[in-house]
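Q: Each chain, written out:
There are 2 protein chains.
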Amino acid sequence: MPVTLQLSAPYLIFLGDVPSAVYAKTALGIVQWAPEKCIAQHRFPECEIDTGLADMSIAEATAAGAKSLLIGSAPVGGAIQVNWIPSLLEAIAAGLDIVSGLHTKLEDYPELREAAERHNVRLVDVRVPPQNLPIGSGEKRSGKRLLAVGTDCSVGKKYTTLAISRALEARGVNCDFRATGQTGIMIAGSGMPIDAVVCDFTAGAAESLSPNNDPDHWDIVEGQGSLFTPAYAGVSLGLLHGSQPDAIVVCHDPLREHIVGCPNHPVPSVQTCIDTNLLLARLTNPAVRCVGVSVNTSAVAPEDRRGLLDSIAAQTGLPAVDSIIDGVDKIIDQLLQTQLPKQGELA
Amino acid sequence: MPVTLQLSAPYLIFLGDVPSAVYAKTALGIVQWAPEKCIAQHRFPECEIDTGLADMSIAEATAAGAKSLLIGSAPVGGAIQVNWIPSLLEAIAAGLDIVSGLHTKLEDYPELREAAERHNVRLVDVRVPPQNLPIGSGEKRSGKRLLAVGTDCSVGKKYTTLAISRALEARGVNCDFRATGQTGIMIAGSGMPIDAVVCDFTAGAAESLSPNNDPDHWDIVEGQGSLFTPAYAGVSLGLLHGSQPDAIVVCHDPLREHIVGCPNHPVPSVQTCIDTNLLLARLTNPAVRCVGVSVNTSAVAPEDRRGLLDSIAAQTGLPAVDSIIDGVDKIIDQLLQTQLPKQGELA
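These protein sequences, in sequence, are chains A and B. Here the first sequence is numbered in this note's numbering, starting from 4 and rising by one per residue. Here the second sequence is numbered in this note's numbering, starting from 4 and rising by one per residue.
There may be inaccurate statements among the hints.
Heads up, incomplete: computed chain B residues facing chain A, CB under 8 Å, no partners named [stated by the list, open to error]: (1) G104; (2) A118; (3) S140; (4) G141; (5) A173; (6) A206; (7) V263; (8) C265.
Quick caveat, the hints were computed from the structure, so don't treat them as lab data. Cβ coordinates follow ideal geometry from the N, Cα and C atoms, glycine included.
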């Protein structure tokens with residue numbers, strides 16, 4: 004039994020009375036990245052947001068094979084809304100697990116807890132780590148791993164790793180996306196909410212997320228935080244050590260002037276980010292390489308975009324792409340072409 | 004109200020039926036380092052371990068001013084023993100807090116919990132972090148800080164920082180020992196069990212532990228883990244960033260061949276440990292310096308001891324001492340003589 008969160012798909016995506024797309028980002032992200040896990044959407048009559056999935060009642064979705072009702076709406080305050088409770092109770096009575104990434108915990112609602120016990124279904128809060136996490140060992144595991152790292156938080160690590168895993172699949176490479184945040188976990192159907200783990204277990208949790216695998220298998224691990232954020236660098240280091248990546252990809256927002264929430268902390272250069280991550284990653288994988296830079300150019304003037312990417316590519320000697328605009332093919336070419344050092348070359 | 008654990012001293016040190024000094028390390032350490040916080044010991048008739056404190060009944064200790072019964076015995080398995088419960092209930096009824104660093108939680112014993120509620124005393128598990136920890140901000144705080152770091156876990160960080168804080172006090176320097184582990188917290192009477200904090204809050208917890216202070220005040224922060232342990236490096240990095248040390252001291256065991264629990268991970272050189280810690284510490288304090296090396300030479304042949312310390316001192320250009328054998332005066336000389344860079348020199 005793996006020591007990670009495991010969700011039961013397919014999902015009935017619950018939108019309820021979500022008033023705008025801003026609050027339906029979870030639902031829209033899951034439908035975008037994991038349509039094969041989504042069987043239908045469930046909306047209140049007044050809801051005008053549409054993920055494009057079929058509309059179904061809870062009974063219809065259950066009959067169609069749904070295993071979980073997944074809350075895809077995130078209202079201001081992050082709490083479960085009182086007018087959702089009857090639908091959640093109906094889903095529980097129909098035998099569906101309830102999956103939530105909201106701040107308030109499903110377990111904190113006695114009526115949901117009692118109903119779930121009675122109907123033998125699970126209340127899965129994807130912000131709550133699994134029990135019995137191991138301490139990290141630092142032992143080398145079989146298979147290969149790529150980890151996204153960042154010059155800051157919120158620079159596209161989830162998007163980049165999802166794009167890389169989908170593109171690898173399209174090339175026939177044996178791989179898995181390994182999720183470390185709540186939306187990623189819902190997309191993957193499993194994962195580890197790494198920043199909610201007690202810090203003594205962070206590296207061990209990351210080790211559990213990408214266990215031994217086939218020699219040619221790639222785990223594509225969603226990054227969290229950044230070594231350059233004063234608040235979260237410890238999370239990023241535990242994830243880096245536990246993931247023992249063979250390859251890292253640096254994600255970067257070129258227009259960000261300082262670390263989010265820290266006006267006195269400038270964003271490091273891409274090269275500094277590469278160097279520091281490689282230095283520290285060598286503790287658990289001396290063969291680690293950087294295989295590319297994923298740059299969010301959405302706010303860069305169109306006439307400056309190509310020059311900016313070319314400049315980063317020239318400075319680092321690595322492919323630099325906007326993963327959304329350009330795709331990640333150049334990074335994947337670099338990843339698959341990179342000659343790993345021979346055994347004798349490792350320190 | 005500070006966001007750290009706060010214990011109520013003075014303590015009645017509870018030894019119970021502890022069979023040997025090995026299991027009384029907590030009691031002996033507290034009596035060694037904080038005799039002013041210890042009012043008496045409480046032993047069962049068969050107990051032959053003696054901390055040197057006066058023997059008192061719970062009623063006598065309460066009358067003499069004790070505020071907490073502190074469990075100073077750590078049996079195999081780390082559980083509260085059934086035959087201790089009547090004494091703990093008597094102490095609760097007398098109005099004493101109960102303080103424990105054992106693995107099993109005081110709160111998990113319903114009879115203790117109910118009695119504590121009835122008598123309005125606290126059950127303080129020093130392995131449980133305080134509530135409402137903040138996220139780290141990375142903002143510079145007033146006052147000065149020294150942090151012990153290590154080439155591995157269990158290399159003398161607690162002893163070294165306690166010795167430094169006592170020696171600074173003896174020189175009239177305004178300072179506080181800031182505890183990050185359970186025994187340290189009992190010695191200091193306050194602190195932060197840093198490795199039990201959820202990893203998103205590690206740096207914030209460390210910031211709370213050494214808040215703004217007088218410009219000439221030194222916080223001497225007990226280190227945890229090591230940047231070179233695959234399991235715990237994230238804890239050490241969060242503590243390093245949150246402590247924003249002006250000075251670090253490296254603790255080292257020269258005979259250790261590999262990281263504890265990780266046979267394939269060699270212990271780094273002292274210089275590598277200094278360099279890596281300084282590189283990463285600069286994120287929150289560009290003026291950080293290393294002021295000395297504390298070497299555990301207890302297992303080094305006496306004729307090799309001086310040469311070993313001289314060699315480390317020559318390699319690093321810093322004082323290298325065995326804190327237990329030599330004391331920490333040379334490190335303190337370096338700390339107080341170190342000319343901090345002028346404002347304009349900071350990046």
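Q: Hints first: check each against the structure and report whether it holds.
A: Taking the hints in turn, this is what the structure says about them:
{"no.": "1", "hint": "G104", "verdict": "violated (15 Å)"}
{"no.": "2", "hint": "A118", "verdict": "violated (27 Å)"}
{"no.": "3", "hint": "S140", "verdict": "holds (7 Å)"}
{"no.": "4", "hint": "G141", "verdict": "holds (3 Å)"}
{"no.": "5", "hint": "A173", "verdict": "violated (34 Å)"}
{"no.": "6", "hint": "A206", "verdict": "holds (5 Å)"}
{"no.": "7", "hint": "V263", "verdict": "violated (11 Å)"}
{"no.": "8", "hint": "C265", "verdict": "holds (5 Å)"}
In this structure, the earlier hints numbered 1, 2, 5, 7 are contradicted, and the remaining ones agree with it.
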